[in-house]
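Asks: Sequence lines, in order, name chains A, B, C and D. Add 11 to the 1-based position in the first sequence for the working numbering, that's all there is to it. Add 11 to the 1-based position in the second sequence for the working numbering, that's all there is to it. Add 11 to the 1-based position in the third sequence for the working numbering, that's all there is to it. Add 11 to the 1-based position in the fourth sequence for the working numbering, that's all there is to it.
These are calculated hints, taken from the structure and not from any lab test. Keep in mind that the hints are not guaranteed to be accurate.
Same chains, same names: a pair is fine if it fits in one copy or spans any two.
[Said to hold, decoys possible] Here are the simulated SDA-like cross-link-like pairs (lysine to any residue), alpha carbons at most 20 Å apart as the crow flies: (1) 231 x 81; (2) 105 x 160; (3) 231 x 119; (4) 231 x 47; (5) 105 x 159; (6) 40 x 96; (7) 231 x 193; (8) 40 x 138; (9) 105 x 157; (10) 105 x 158; (11) 40 x 143; (12) 231 x 144; (13) 40 x 165; (14) 105 x 190; (15) 40 x 186.
Each chain is listed here by its residues.
Protein chains: 4
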Amino acid sequence: MACRKTRRPRRNRDGAKASRNLSSPTLAKQVTEIGHQFYARGWALGTSGNFSAVVSRDPLRLAITVSGVDKGLMTEHDVVGIDERGAVVSGSGKPSAEASLHLAIVRARGAGAVLHTHSIWSTILSDAAADGGLAIEGYEMLKGLSGVHTHDHREWLPILDNTQDWASAVPRVESILQEQPHAHGFLIRKHGLYTWGRDLGDAKRQVEILEFLFEVMGRKRGMAWQP
Amino acid sequence: MACRKTRRPRRNRDGAKASRNLSSPTLAKQVTEIGHQFYARGWALGTSGNFSAVVSRDPLRLAITVSGVDKGLMTEHDVVGIDERGAVVSGSGKPSAEASLHLAIVRARGAGAVLHTHSIWSTILSDAAADGGLAIEGYEMLKGLSGVHTHDHREWLPILDNTQDWASAVPRVESILQEQPHAHGFLIRKHGLYTWGRDLGDAKRQVEILEFLFEVMGRKRGMAWQP
Amino acid sequence: MACRKTRRPRRNRDGAKASRNLSSPTLAKQVTEIGHQFYARGWALGTSGNFSAVVSRDPLRLAITVSGVDKGLMTEHDVVGIDERGAVVSGSGKPSAEASLHLAIVRARGAGAVLHTHSIWSTILSDAAADGGLAIEGYEMLKGLSGVHTHDHREWLPILDNTQDWASAVPRVESILQEQPHAHGFLIRKHGLYTWGRDLGDAKRQVEILEFLFEVMGRKRGMAWQP
Amino acid sequence: MACRKTRRPRRNRDGAKASRNLSSPTLAKQVTEIGHQFYARGWALGTSGNFSAVVSRDPLRLAITVSGVDKGLMTEHDVVGIDERGAVVSGSGKPSAEASLHLAIVRARGAGAVLHTHSIWSTILSDAAADGGLAIEGYEMLKGLSGVHTHDHREWLPILDNTQDWASAVPRVESILQEQPHAHGFLIRKHGLYTWGRDLGDAKRQVEILEFLFEVMGRKRGMAWQP
Chain A
12 MACRKTRRPR RNRDGAKASR NLSSPTLAKQ VTEIGHQFYA RGWALGTSGN FSAVVSRDPL
72 RLAITVSGVD KGLMTEHDVV GIDERGAVVS GSGKPSAEAS LHLAIVRARG AGAVLHTHSI
132 WSTILSDAAA DGGLAIEGYE MLKGLSGVHT HDHREWLPIL DNTQDWASAV PRVESILQEQ
192 PHAHGFLIRK HGLYTWGRDL GDAKRQVEIL EFLFEVMGRK RGMAWQP
Chain B
12 MACRKTRRPR RNRDGAKASR NLSSPTLAKQ VTEIGHQFYA RGWALGTSGN FSAVVSRDPL
72 RLAITVSGVD KGLMTEHDVV GIDERGAVVS GSGKPSAEAS LHLAIVRARG AGAVLHTHSI
132 WSTILSDAAA DGGLAIEGYE MLKGLSGVHT HDHREWLPIL DNTQDWASAV PRVESILQEQ
192 PHAHGFLIRK HGLYTWGRDL GDAKRQVEIL EFLFEVMGRK RGMAWQP
Chain C
12 MACRKTRRPR RNRDGAKASR NLSSPTLAKQ VTEIGHQFYA RGWALGTSGN FSAVVSRDPL
72 RLAITVSGVD KGLMTEHDVV GIDERGAVVS GSGKPSAEAS LHLAIVRARG AGAVLHTHSI
132 WSTILSDAAA DGGLAIEGYE MLKGLSGVHT HDHREWLPIL DNTQDWASAV PRVESILQEQ
192 PHAHGFLIRK HGLYTWGRDL GDAKRQVEIL EFLFEVMGRK RGMAWQP
Chain D
12 MACRKTRRPR RNRDGAKASR NLSSPTLAKQ VTEIGHQFYA RGWALGTSGN FSAVVSRDPL
72 RLAITVSGVD KGLMTEHDVV GIDERGAVVS GSGKPSAEAS LHLAIVRARG AGAVLHTHSI
132 WSTILSDAAA DGGLAIEGYE MLKGLSGVHT HDHREWLPIL DNTQDWASAV PRVESILQEQ
192 PHAHGFLIRK HGLYTWGRDL GDAKRQVEIL EFLFEVMGRK RGMAWQP
């Protein structure tokens, strides 16, 4: 696979600057487009999945999908603005219960966008790992992950246990992000994938890369492996 | 997965009221849209599948797809109105032979919409269960089912034997619905899925949730399991 | 699954009459639409597949796809008229080398349309049968086949060895169609499916039914079976 | 499958002439259309894949996708012209790091177009071969490959080890193309497929044929085989 075109400088500071120049309505439109595409691919069925992008960093503002929306039918009105504590500051609707996770990732990684998908293969693989994570190694597709320049790379995705209290789980997530500074995402057991990027395009590319690799690995392990 | 947005009050009475406000042509349009989408996903190939929504409760009127229609080509004219005994009261065409099942579910569950799909995975899994039903447990996606608020949930879907005489089978279906008051759907052996909801959006979400989980479970059991 | 709506009388004579009323341009348009749809589903990739419909019975005229066309890009100009010996009588282009098979099926079964697809699952299953055919039994979806009114049906699809000389193979095909008067289609080994119907809609429904059932059976046998 | 329609003479000389008549903007549009289609099929996710077509042979000029583009969103501006050494001569953007491979194939095979995809099944199968290549034999679909007129054909696709230095790997690729003069493509281990044709339509058909056959073989070997 070709290296991706470097359209913007890579430093978070610059990424943030780029995001700041984008108005929230534009981000809402991009988030909506991603929702439609991921729904069509079966990665966000049944109102699952939630997606966010940084509107500004100081003060911190996120554009994030509201809870319970059919991603195939969603419009820009299903994206609200929240502040650094998760309170709605623009638009109307209840943000995802996992908004605290999005905020934690933005803070820990300086991400400009966070995408969370529920695919068949991430659900299956997140349930299989014996040692707290999933290793993916030696595939050309890995070069689609930010900062990876060779197929000779070992990606380690931590797997977190699921919970219904993400606000309380934030410290756990933060410590995992700190322990695994090179991870490009993480899985939640029997739940799905979180990944992120400088901007929505960057994060969308990583979702496609990781979902592709999950399917490759799932089909290879396949039925010889029983969880 | 985020909890779904509660757009309407949950009581059946209110659900019914909401439905009463929707004219039958609007429901016919929504049913048609669902037909097109499910056909595209391969859940209603070869004229299979049938879909209904409550137009009014007193007297009971259902908008339901007619028999033998290509769901990819169907239009609003392929949806007819039937009364509580299944007789056509508006539009023309023969309602599905399974209309009596739709009516039984509406009565037993107070549902505002009933959807029946024929997918690959529901066909396979409905043939596999050894003990009269299929258990699905521990998946975040289960939260997409009405009234489920945690992944720590065990869904039990009864499996009914297939028949060509659904009118006579209604008592059997009613007794299963009564014995399993928490089931969000049921399977018919080597045939497919029935699920329902307060309205068409609610029922469509449940189809997507259950079909997703069928695929996860089917791929996991996979080929190590032989029916 | 609901019984299909009987839109037209079932006798071949009447089917022929219905077809005679359709002008060839209309049939060409319908064939093209089927080509686009089957290409999108992956049943006619790489210029594979060929499709025909009866324009008139006396004299016998078929509208048939020309050879080597990308079914995703095909237009009505890629459908030509042929006579009972396979010679082009309208439009330009070389008809499929398998035109003689289409003509044989039209004659033997009184079919109004013949569809031939190359899917993943028909390719796999056509290579697996040990005893000259594939049995499919007990599925509700079988009711989508013409004249089948219950899931309690056993469909037997003969499997023919592949050849590059279909003109010479016609007697073999005719004798198999005669020996298996109830078969709704046949498979060619490592090649694909032939099925037919009173008209294009009827034949398209049977393709969807059979392809659905091939996928169910292929996934069930799956990897426990090794050809 | 029907033999493909021979729309153009088969000799490379004539193929080249045909290509020369096509202006580069037309080729860029065709390349873009292929990018959209392959992205939709999951063969070019996450900015993977690169595609080229010969604009002229003397001097040699290629229209080729730039690096790092989302193939689902790409436009004609994401196709640049390069010369025989890979330098950009029209448009702006960095050509794929694998441009040297495209040029080597054009020279060695007289190809008018080269397509490189990253699919699930080519990634899996490219990792499985024990003896330096993948054999595909006896399938009707093989007739979709240029110059193959019978299913009774054995296609041997060499598998190359992956590298990040394709410029240096060109001699290795050239020697493999010379040793295997009948191969219609090759695989790169854990990476994907290269194939080519007289023009873009010809090369696209071969991608579809080979990807179809990879899926058939991958599903058949399936889970009984462990790499």
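Asks: Against which earlier hints does the structure fall short, listed by number upward?
Replies: 1, 3, 4, 6, 7, 8, 11, 13, 14, 15
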